[in-house]
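Student: Order-wise, the sequence lines are chains W, V and U.
Each residue of the first sequence is one higher than the one before, counting from 0 in numbering that gives the first Met the number 0.
Each residue of the second sequence is one higher than the one before, counting from 0 in numbering that gives the first Met the number 0.
Each residue of the third sequence is one higher than the one before, counting from 0 in numbering that gives the first Met the number 0.
Incorrect hints may appear among the rest.
What the hints assert, rightly or not - Only part of the chain V face toward chain U is listed, based on derived beta-carbon distances under 7 Å: (1) Asn67; (2) His82; (3) Phe83; (4) Arg125; (5) Lys199; (6) Ile524; (7) Asn528; (8) Ala530.
No lab work stands behind these hints: they were computed from the structure.
Since we're looking at a predicted model, the values are computed, not measured.
Note that CB positions come from ideal geometry on N, CA and C, so glycine has one too.
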Amino acid sequence: MKGQLILIPGRSSKQGVGLNKGKLKEEYIRVTTTLELSFEDAQEIGLETADIVKISNHIGETEVQVKVLKEGKLPVGYAFIPYGPPSSCLFDGETCGSGMPASKGMTIDVEFIKKGVKKKTVLPPRTAVS
Amino acid sequence: MNNEIRIINGIVFDPTNNIDGKVVDICIKDGKIVSKVSKSAKVIDAKGMAVMPGGVDIHCHITGPKVNLARKLMPEDHRLDPHFKTPNTQSGSGGIVPSTFATGYRYATLGYTTAMEAAVPPLTARHALEEMYDTPIIDNGFYVLLGNNLFLQSLIAEGRFAEFKEAVAWWLNATKAYTVKLVNPGGDEPWKGHKNLNVKSIDEDSKATDIAPRKVIEAFIDAVHELGLPHPPHIHCNNLGHSGNFDTTLESMKTAGDRRLHVAHIQFNSYAGEVGKPPKSASKEITDYVNDHQNITCDVGQVMFGKAMFMTADAPLTYLLRSYKKEKWVNADTECESGCGILPFDYQGMIYTHALQWAIGLEIFLLSKDPWRIVLSTDHPNGGSFANYPLVIKLLMDYEFRKLAMKSVNQKAMNSTILGELKREYTLNEICIITRAGPAKCLGLKDKGHLGVGADADVTVYDMLEDKEEMFNAPRYVMKAGQLLIADHEFVSDYTDKKVLRVAPDYDKEIEKVIKPFFDDFYSINYQNYAIQDDYLHGLGKVIGTKKKNSIYEN
Amino acid sequence: MSAASKDIKIVNEKIVENATCTFCGCCCDDITLTVDMDKKVITKAKDACVLGKSWFLNHVIEDKPIARIAGKEVPLDDAIDEAAKILMDAKFPILYGMSDTVCEAQRHCAPIMDDCGGTIDTTTSVCHGPSGMAFQGVGEPTMTLGEVKNRADFVMYWGGNPAEAHPRHFARYAVTPEGMYTPNGKDDRTVVIVDIRHTKTAGVSDIFLQLKPGKDFELLWMLRAACKGVDIPNDCKDICGVEKEVVEDLFQRMKNCNYGVIFFGMGLTMTRGRHFNSGALMALATDLNEFTHFVAKPARGHGNVTGADNVVSWQTGYPFGVNFSRGHPRFNPGEFTTVDTLSRKEADAALIIASDPVANFPKPAIDHLTSDKCKLISIDTKNTPTSEAAHVSIQTSTYGINTGGTVYRMDDVPISLRPAFDSPFPSDLEVLTKLRKKVNELSKKANRPYATKKYM
């Protein structure tokens, strides 16, 4: 079960709340390791909410948990993830002379790893330094 | 450390104390001019040099929100004019809108030690004070924009003048300002609320507040007179920049009656001709009025060829000027208080209008009979950078040079003026008045602009050179509050204890109850978070006392 | 300062009125805090949003050392000496962050880099840096947020998600408040959202345009062309995913409103096109002034990132990405911006203030920042991946909660903070004042080239 998607990292209020509690704390880690997929893509690739997947590109790879959204919330072919260490793993350092890395819209491979437990699953804390 | 200095052998110009080019010693102790110092005082031999008080700029735009927007707008301009770090000073960027550090140092290298920021909206006055703290050496103060304040306009419209005066005093205290600034009074509301319109006459009712600019001007002149501020309302008249606007300017001055009024950059308001057509000079009409009325003071706003930056609370004017070249443009509306327009500009001698503006400014200088009430300014950076001051001085002091300069610009413009017939040459004493003694008097700064005992020891020593531009471009010594900053043209120390000049007129605390509901309804910040705390003066604040006066000649 | 903060009867409970929340760029200054002075925690944050509540209520004084070098606790002055020495000895020192501290502290940053010939950059470079560059190119008609409240009858959000990033933006400033010429609040306004995702923000809109990803510039340019009288193309839907009729209707509304405003977010600056997107939007707002009064404003993120922009601009002339190695400020995004100086492995010392690049920078940049090629100094209020990876780590008190000072709201309006309770940790201002002094001493001894007269 594998697929290719375009990743859009961004802010979310949960990520903001988690950030205040502490970046090394459970809530922030859980929020920033949740990948949102469109209903259609999830079906196509064969993924369900709570699945653990590996996302990767030419820069790096990381494991995240899937959350499948309702139809129409996200365009087909796109995935969303709150900013955090996992999304950083996939950013390229090239800024095209602007100082701004292309932090939205990078192509990623999504690969199923294992079934996860809904909601309270916490991945082992990972350091951003790989 | 010994903080005494004795300047010997210098040719002293101190018009306030009637010293015109006489060799006398100047003694300095504890930051002030004193009558004598001890033998251990540091001696500066100023033989063959001119000793003058530090320069006072009565009208420039150097700190605050709009200045910073303009700074951000011009990286290409900064890059051409870096300001290097030295062991004693910090680095910065120059150009038409220099960074704060560079601004302070560059004023000092012209011999200026005081400069007043001419327009700050109350809501962002904290920003101006913060930048002043980062502008080294020069004493600052600012004029707060109240002429388009919707709450104050509503009080005028309802005829509540007693409350109006209290509210003006509250605003001056809340923002730590020096005086009131009126910019195109009544013009903001049509601009912001009626799809970019403007007022056209000082007797026209602005649609939004049913109040004519004349009413606003009158109310502020009255209130400031009653409060006895050291400097009267500082007005940027309606119709600025438009052909035929001298009528508006005359009417604005007449509105003052015999009470004090300062007309800012009056050159921009001295145009004859028809609206929408090329302007003609009305310098004679304007200077005739100013000459005859001791209650009026003004600064010229001389246009100088080269780079400039329009940076004004007169937003409609800036938008109009943008239509010529479609340059990058900034407009910044401040809620309930002000508008703002920013536009990079270039004055070119070949262009009729620009050449005429340049000539009108010079005519005003040369036709004015009382140098004490006409101050040298370029409305920096609107008419050109303050770095042009030495060149303006040369134009005023040297008739032959002026004639040469006239040959190199648009001849049609030159032929339509009387500039060529004006043979007057300013003396060093008169230059000292229009750059120092006069502006200090107009501002009501008793400790500045002169070298009498008790004055602030802000002193500039220039080499006496034939070329007056060269002379005023690089003073040999500059002292600020008795500290030697520049010696042999180089910085020998930095000075960060500069003062923030302000007023603090008394007011009835009850007025806050009238003002607060308006804030609750229409402002986006809390009333309690609006007034500026004393912290923002960083212990550098200096309150100038209030006293009613009808002209600068009354003490 | 604390005119409005008064102690009420219950012992050791303090109420702070009109406090400002510095979590996001809205800087709401109407929060009432209840503080338990015994436990040193804020127990209530009345009127704060979900982000604001978590900002105030989760703040605890942690039991940890003020200063550490290589993980070992040291006196603060030792850490400052070490940091100053690292910065002065480095060939290419950089300073980054500054968006979550007060202007009073930010003001020391550029002079520190001026003295050691380094590079200063703020989080703006990875946020609205491209908008800053676009501003340099085209300018911008803009306003304070109160103007939106009082006048705006057309409000547009483009590529931003304020419902999640600036939760009170709608209620305080732009959508529902009743202002001078908008007495009926939302009924007097048309709210338009342009985004590629149907976010929470889209829920409040009157009109939602779901754009094809990466097609912002195309739609903006169509609207610009429309201002000049060019028709919306028939294949509009194929180009940007929005029906021609919808765009035409949108354009009419923009043209005919009394006071229009567009807020824009990182959906524009972080995607393909970057500053071209922001520039197109600012130019569109400028064009629309031919018809009516129109303004635009980037919706800035962190509490005082706008202040960082302002301070660096007034001190150097440029907003971010400024290098002092030649004895004067030079600006070049892509060269002196932090992602670049790190990804290219140029920086050999990094002073990170109030930000966390180790958690959110691109991987190549993080790799260099945490390698032994780059000495990392961190000044922060919380434990973050950056502070944990740092060689010198200084813990400071939190602005707006423990310390006062000035922040700039996203619309450049400066606001003074009202701190709630003391912290045992020093303020950023205190630490940076000391560091600046130390660096200045060392630089005078170092006798760098600018200390000669050759540049005068």
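Student: So, for every hint listed, does it hold in this structure?
Tutor: Taking the hints in turn, this is what the structure says about them:
1. Interface restraint check for Asn67 (chain V): the shortest CB-CB distance to chain U comes to about 5 Å, inside 7 Å, so the restraint holds.
2. The beta carbon of His82 (chain V) is positioned within 7 Å of a beta carbon in chain U (closest approach about 6 Å), and the interface hint is therefore held.
3. Restraint check, Phe83 (chain V) versus chain U: the minimum CB separation of about 4 Å is within 7 Å; hint holds.
4. About 4 Å separates the beta-carbon of Arg125 (chain V) from the nearest beta-carbon of chain U, less than 7 Å, and the hint is met.
5. The closest approach between the C-beta of Lys199 (chain V) and any C-beta of chain U is roughly 18 Å, which is over the 7 Å cut-off, so the hint fails.
6. Satisfaction of the interface hint for Ile524 (chain V) is found here, the shortest Cβ-Cβ separation to chain U being roughly 5 Å, below the 7 Å cut-off.
7. Checking Asn528 (chain V) against chain U: minimum C-beta separation of about 5 Å stays under 7 Å; hint holds.
8. For Ala530 (chain V), the shortest C-beta to C-beta distance to chain U is roughly 9 Å, which exceeds 7 Å, and the interface hint is violated.
Violated hints for the displayed structure, listed by number in ascending order: 5, 8.
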